[in-house]
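To convert, note that position 325 of the sequence shown is 325 in full-length UniProt numbering; the numbers rise steadily by one, no gaps.
It should be emphasised that the hints constitute simulated quantities derived from the structure, not laboratory data. Some clues are possibly wrong.
[To be verified] 25 angstroms max Cα-Cα, derived SDA-like pairs, lysine to any residue:
hint, residue 1, residue 2
1, 280, 330
2, 302, 262
3, 178, 260
4, 426, 606
5, 605, 330
6, 588, 518
7, 8, 152
8, 336, 297
9, 40, 667
10, 302, 266
11, 418, 466
12, 418, 291
13, 40, 349
14, 85, 128
15, 448, 336
16, 304, 291
17, 470, 198
18, 426, 629
19, 72, 330
20, 249, 236
21, 503, 470
22, 470, 527
23, 153, 73
24, 588, 493
25, 280, 361
26, 628, 676
27, 280, 260
28, 503, 538
29, 40, 66
30, 659, 670
31, 615, 650
32, 302, 337
[To be verified] Computed spacing ranges between beta-carbons, pair by pair:
hint, residue 1, residue 2, range
33, 182, 542, 50 to 58 angstroms
34, 280, 85, 22 to 30 angstroms
35, 358, 553, 51 to 59 angstroms
36, 426, 72, 25 to 33 angstroms
37, 639, 553, 26 to 34 angstroms
38, 550, 129, 30 to 38 angstroms
39, 426, 252, 19 to 27 angstroms
40, 347, 531, 51 to 59 angstroms
All figures in this text were calculated on a predicted structure; none of them were measured in a lab. Glycine residues also receive a C-beta, built at the ideal position from the N, C-alpha and C atoms.
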Amino acid sequence: MSQPWFKKSHRRCLVDMHIPDWDERFLSQFDSKRYIELMKLAQVDAIYFYTNSCVGLTNFPTKADKMHKGLKGRDIVREITTLTKEAGLPSIVYYNIWSKWAYDHHPEWRAVNGVGLTTGDYYWGQPGRYGVCCYNHEGYRDMVLADVEQLCKNYEFDGLWIDMIMLSQVCYCSACRKRYLAETGISEIPRVVDWNDPQFVQFQRRREAWQSEFAELVTQSAKRWKPGISLGHNVAGYYVGWHQAASLKFFDQNDYLSGDISGGPQIVNYVCKLFHSASKNHSVEFMTTVADANLLEHTVYKPKHYLKNLVYLAMANNGAFSFIDAIDPLGTMNEKMYRMLGEIYGETRRYEPFMDYDAEYCQDIAIYTNIESLIDLRDSGKTVNNVPHSASTPHHLAALNAARAMIDANLPFGVITKNRLKELHKYQVLILPDLQMMDEDEIEAIRKFVEAGGSIYASANTSLVDKTGKQHDNYMLSDVFGVTYERTTWEDIAYYAPTESGKPYFADYDDYYPLTVNCNQLIVQEHEGAEPLATIVLPELNPDNPHQFASAISSPPEIPTTYPGVVVNRYGQGKSMYAAGYLERMAKEGQRSIFINLIRSLLTKPAYFQTNAPKPVEITMFRHQSGKRDTINVINMQQEQPNIPVSGVRVQVNTGDRKPSRVVLLPGEAPVDYVREGEYIAFNVPQIEIFHMFAIDYE
Numbered sequence: 001m002s003q004p005w006f007k008k009s010h011r012r013c014l015v016d017m018h019i020p021d022w023d024e025r026f027l028s029q030f031d032s033k034r035y036i037e038l039m040k041l042a043q044v045d046a047i048y049f050y051t052n053s054c055v056g057l058t059n060f061p062t063k064a065d066k067m068h069k070g071l072k073g074r075d076i077v078r079e080i081t082t083l084t085k086e087a088g089l090p091s092i093v094y095y096n097i098w099s100k101w102a103y104d105h106h107p108e109w110r111a112v113n114g115v116g117l118t119t120g121d122y123y124w125g126q127p128g129r130y131g132v133c134c135y136n137h138e139g140y141r142d143m144v145l146a147d148v149e150q151l152c153k154n155y156e157f158d159g160l161w162i163d164m165i166m167l168s169q170v171c172y173c174s175a176c177r178k179r180y181l182a183e184t185g186i187s188e189i190p191r192v193v194d195w196n197d198p199q200f201v202q203f204q205r206r207r208e209a210w211q212s213e214f215a216e217l218v219t220q221s222a223k224r225w226k227p228g229i230s231l232g233h234n235v236a237g238y239y240v241g242w243h244q245a246a247s248l249k250f251f252d253q254n255d256y257l258s259g260d261i262s263g264g265p266q267i268v269n270y271v272c273k274l275f276h277s278a279s280k281n282h283s284v285e286f287m288t289t290v291a292d293a294n295l296l297e298h299t300v301y302k303p304k305h306y307l308k309n310l311v312y313l314a315m316a317n318n319g320a321f322s323f324i325d326a327i328d329p330l331g332t333m334n335e336k337m338y339r340m341l342g343e344i345y346g347e348t349r350r351y352e353p354f355m356d357y358d359a360e361y362c363q364d365i366a367i368y369t370n371i372e373s374l375i376d377l378r379d380s381g382k383t384v385n386n387v388p389h390s391a392s393t394p395h396h397l398a399a400l401n402a403a404r405a406m407i408d409a410n411l412p413f414g415v416i417t418k419n420r421l422k423e424l425h426k427y428q429v430l431i432l433p434d435l436q437m438m439d440e441d442e443i444e445a446i447r448k449f450v451e452a453g454g455s456i457y458a459s460a461n462t463s464l465v466d467k468t469g470k471q472h473d474n475y476m477l478s479d480v481f482g483v484t485y486e487r488t489t490w491e492d493i494a495y496y497a498p499t500e501s502g503k504p505y506f507a508d509y510d511d512y513y514p515l516t517v518n519c520n521q522l523i524v525q526e527h528e529g530a531e532p533l534a535t536i537v538l539p540e541l542n543p544d545n546p547h548q549f550a551s552a553i554s555s556p557p558e559i560p561t562t563y564p565g566v567v568v569n570r571y572g573q574g575k576s577m578y579a580a581g582y583l584e585r586m587a588k589e590g591q592r593s594i595f596i597n598l599i600r601s602l603l604t605k606p607a608y609f610q611t612n613a614p615k616p617v618e619i620t621m622f623r624h625q626s627g628k629r630d631t632i633n634v635i636n637m638q639q640e641q642p643n644i645p646v647s648g649v650r651v652q653v654n655t656g657d658r659k660p661s662r663v664v665l666l667p668g669e670a671p672v673d674y675v676r677e678g679e680y681i682a683f684n685v686p687q688i689e690i691f692h693m694f695a696i697d698y699e
């Protein structure tokens, strides 16, 4: 059985075509042959093409809505899919759920926010541009399905990619109110956020169910009408928190995970690792815009060296890459940009024969995340409309900073979620960064993981609130943590003074000059047998008298306590470490190094690899299914671009009981000298500008 196209494709491109037709010139100069020529110039190996756009006008003769007037009846979807097939390339047709045309012509379908506005009034600070309809309106749903059916039955393509399927806001339209009443018996949709109110949390769970059910309806319908195609949905909306109603069930509607997530290298790295574990096929596509500022610029492009780095970064995580460009209103495209993409892809494609999308990602440490935790418990009491979409929720920031720390420390790590609970045994250490909500499946899996010999680091609110919104009197993992919750400090700054047993991990910090942790602390009492590594020191502040302070600018440590700041506990065959605040979120060198020391102390056996690489350099490792080859990627991704080349890097790889036959530098397969150092083999890395790939073959 042949592999699906997404298991063989590495270089992709999507061209945005969000062009209205009030001017008859718009899209009038679109040339399908030219489009394919430019894709070839860009050296893509799979072609995406718009069948419609967020303005709601189609590029084919639709039976359900309205075709773009500027095309003058030309079916450019037919033209492109035919030309793509002639070129021997996979074609993936793009369909956008948003429709400004439907919004304008069917105002009864519009999504409505908490103050009665619809998206054309305000969305993204650009009134008049975006019209979002709610999929709970049957007529709108029927229109979408009619378009998808027409595409599937009348055109040849390999994949369907659905954009903007997630609602942009909490919706209070008549269809949502009617459905909520029918399913819950509650007549009013909540308008005030309260993550400790089961009714509000139940509403959020209903929204997640509606979202995943609509995605499932589109997916199953398309596959019924066109068996064998791939289905992908833009899952990028998960990143900005709970408003988008994402869920793992929604993720499961995708044959591969992809999303147009804006952000720098750290975001690319984190998202690729998450998508790799969350995808049912371990298939990842990272999409980003070529234009600066996430397509808000039309003619200013990101530098070539920066874009090349991003492609290599996705490759280092065993992922594919897709550039996103935007077409000119007339339908023309900038050849210079596609020539630049071709130069990038022409270089990176040399490594593709050595990639195996089914290889095992070798990771000793897993950062655990769940979508339900992409909230802020402190938002309770605010009206829904006063809680903005944000990627800066406490758990998410803690997880991102934990990932940055693992890269700095050269520790092999991944990002996992609930669908990998049965695979926890593959990891030595599990990091639980201020998880805002957890369920019983997660609690029991983590408890069994530690009992069987695994190690965990958990912080702050982890396991205190369940996914129904119930705040427990004590941690659900209290027995594992070895602590009992008492209260949370009102002070949003504290210090950790190391105990005698904690001094090896806390460098030069001591009782008089303890480590700053800039957040509220959860006051706990340790259980018998648990061992504090640090105790909390509080500043001298008075909430009732702002004039009472110990220092005008800072809030120095003044009040020692016996409450644990960090505590370790033996549970079964394993070990738990709990931090009373989100230490992992602290980004300063003097803080991050302590977190790294603590995580290292939880490792119980040699890691997959070790290296002396400096902080901008990350190592990733993949074990091929045959067990006869390991692939080692070395990626240099510096904050200031272009990179300064790095020399002197040495890598040690744990080969276990396997006997290496050779180490080669790819793609040329030049032999690399190596030496045996205990359970590791060690080799030197040539000067790194951006990327190197090595293969270790075994007898």
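Verification of the hints:
1. Restraint check for residue 280 and residue 330: not satisfied, since their Cα atoms lie roughly 40 angstroms apart, outside the 25 angstroms limit.
2. The straight-line distance between the Cα atoms of residue 302 and residue 262 is roughly 12 angstroms, inside the 25 angstroms bound, and the hint therefore holds.
3. The suggested pairing of residue 178 with residue 260 is violated, with an alpha-carbon distance near 33 angstroms, which exceeds 25 angstroms.
4. Between the alpha carbons of residue 426 and residue 606 the distance comes to roughly 14 angstroms, so the proposed pair stays at or under 25 angstroms and holds.
5. For the suggested pair residue 605 and residue 330, the alpha carbons sit about 61 angstroms apart, so the restraint of at most 25 angstroms is broken.
6. Restraint check for residue 588 and residue 518: satisfied, since their Cα atoms lie roughly 11 angstroms apart, inside the 25 angstroms limit.
7. Note on residue 8 and residue 152: the hinted pairing holds, with a Cα-Cα distance of about 23 angstroms set against a maximum of 25 angstroms.
8. At roughly 16 angstroms between alpha-carbon atoms, residue 336 and residue 297 fall within 25 angstroms of each other, so this suggested pair holds.
9. Taking the CA atoms of residue 40 and residue 667, the gap is about 23 angstroms. The hint holds against a cut of 25 angstroms.
10. Restraint check for residue 302 and residue 266: the C-alpha separation of about 17 angstroms stays at or below 25 angstroms, so the hint holds.
11. Annotation: proposed proximity of residue 418 to residue 466 holds, straight-line Cα distance about 14 angstroms (limit 25 angstroms).
12. Under the criterion of a C-alpha separation no larger than 25 angstroms, the hint pairing residue 418 with residue 291 is inconsistent with the structure, at around 35 angstroms.
13. For a cut-off of 25 angstroms, the pair hint linking residue 40 to residue 349 stands: about 14 angstroms separates their Cα positions.
14. With a CA separation close to 38 angstroms, the supplied pair residue 85 and residue 128 exceeds the 25 angstroms bound.
15. In summary, the hint linking residue 448 to residue 336 is not supported, as the alpha carbons are separated by about 56 angstroms, beyond the 25 angstroms threshold.
16. The hinted pair formed by residue 304 and residue 291 meets the criterion: a straight-line CA distance of about 11 angstroms does not exceed 25 angstroms.
17. Straight-line distance between C-alpha atoms of residue 470 and residue 198 comes to about 7 angstroms, which keeps the hinted pair within the 25 angstroms bound.
18. This hinted pair checks out: residue 426 and residue 629 have alpha carbons roughly 19 angstroms apart, not beyond 25 angstroms.
19. With a C-alpha separation of about 13 angstroms, the suggested pair residue 72 and residue 330 falls inside the 25 angstroms cut-off, and the hint holds.
20. A hinted pair counts as satisfied when its Cα atoms are at most 25 angstroms apart, and residue 249 with residue 236 qualifies at roughly 15 angstroms.
21. In summary, the hint linking residue 503 to residue 470 is not supported, as the alpha carbons are separated by about 37 angstroms, beyond the 25 angstroms threshold.
22. Between the alpha carbons of residue 470 and residue 527 the distance comes to roughly 24 angstroms, so the proposed pair stays at or under 25 angstroms and holds.
23. Annotation: proposed proximity of residue 153 to residue 73 holds, straight-line Cα distance about 19 angstroms (limit 25 angstroms).
24. Between residue 588 and residue 493 the CA atoms are separated by roughly 15 angstroms; this keeps the pair inside 25 angstroms, and the hint holds.
25. For the given pair, residue 280 sits about 14 angstroms from residue 361 by alpha-carbon distance, which is consistent with the 25 angstroms threshold.
26. Proximity of residue 628 to residue 676 is assessed by CA-CA distance (about 18 angstroms); at most 25 angstroms being required, the pair is judged to hold.
27. About 19 angstroms separates the Cα atoms of residue 280 and residue 260, which keeps this hinted pair within 25 angstroms; it holds.
28. With a C-alpha separation of about 19 angstroms, the suggested pair residue 503 and residue 538 falls inside the 25 angstroms cut-off, and the hint holds.
29. Among the hinted pairs, residue 40 with residue 66 is inconsistent with the structure: their alpha-carbon atoms are about 31 angstroms apart, more than 25 angstroms.
30. With a C-alpha separation of about 19 angstroms, the suggested pairing of residue 659 with residue 670 holds against the 25 angstroms cut-off.
31. As the CA atoms of residue 615 and residue 650 are separated by approximately 14 angstroms, the hinted pair is consistent with the 25 angstroms bound.
32. Simply put, residue 302 and residue 337 have alpha-carbon atoms about 10 angstroms apart, close enough for the 25 angstroms limit, and the pair holds.
33. Roughly 52 angstroms separates the CB atoms of residue 182 and residue 542, a value that falls within the hinted 50 to 58 angstroms.
34. Between residue 280 and residue 85 the CB atoms are about 28 angstroms apart, so this pair conforms to the stated range of 22 to 30 angstroms.
35. Between residue 358 and residue 553 the CB atoms are about 55 angstroms apart, so this pair conforms to the stated range of 51 to 59 angstroms.
36. The beta-carbon spacing between residue 426 and residue 72, approximately 57 angstroms, falls outside the hinted interval of 25 to 33 angstroms.
37. Taking 26 to 34 angstroms as the suggested C-beta distance range, the pair residue 639 and residue 553 conforms, at roughly 28 angstroms.
38. Between residue 550 and residue 129 the CB atoms are about 52 angstroms apart, so this pair departs from the stated range of 30 to 38 angstroms.
39. Between residue 426 and residue 252 the beta carbon distance is about 21 angstroms. The supplied range of 19 to 27 angstroms therefore holds.
40. Hint check: residue 347 to residue 531, Cβ distance near 52 angstroms, so the stated range 51 to 59 angstroms holds.
Violated hints, in rising order: 1, 3, 5, 12, 14, 15, 21, 29, 36 and 38; the structure is consistent with all others.
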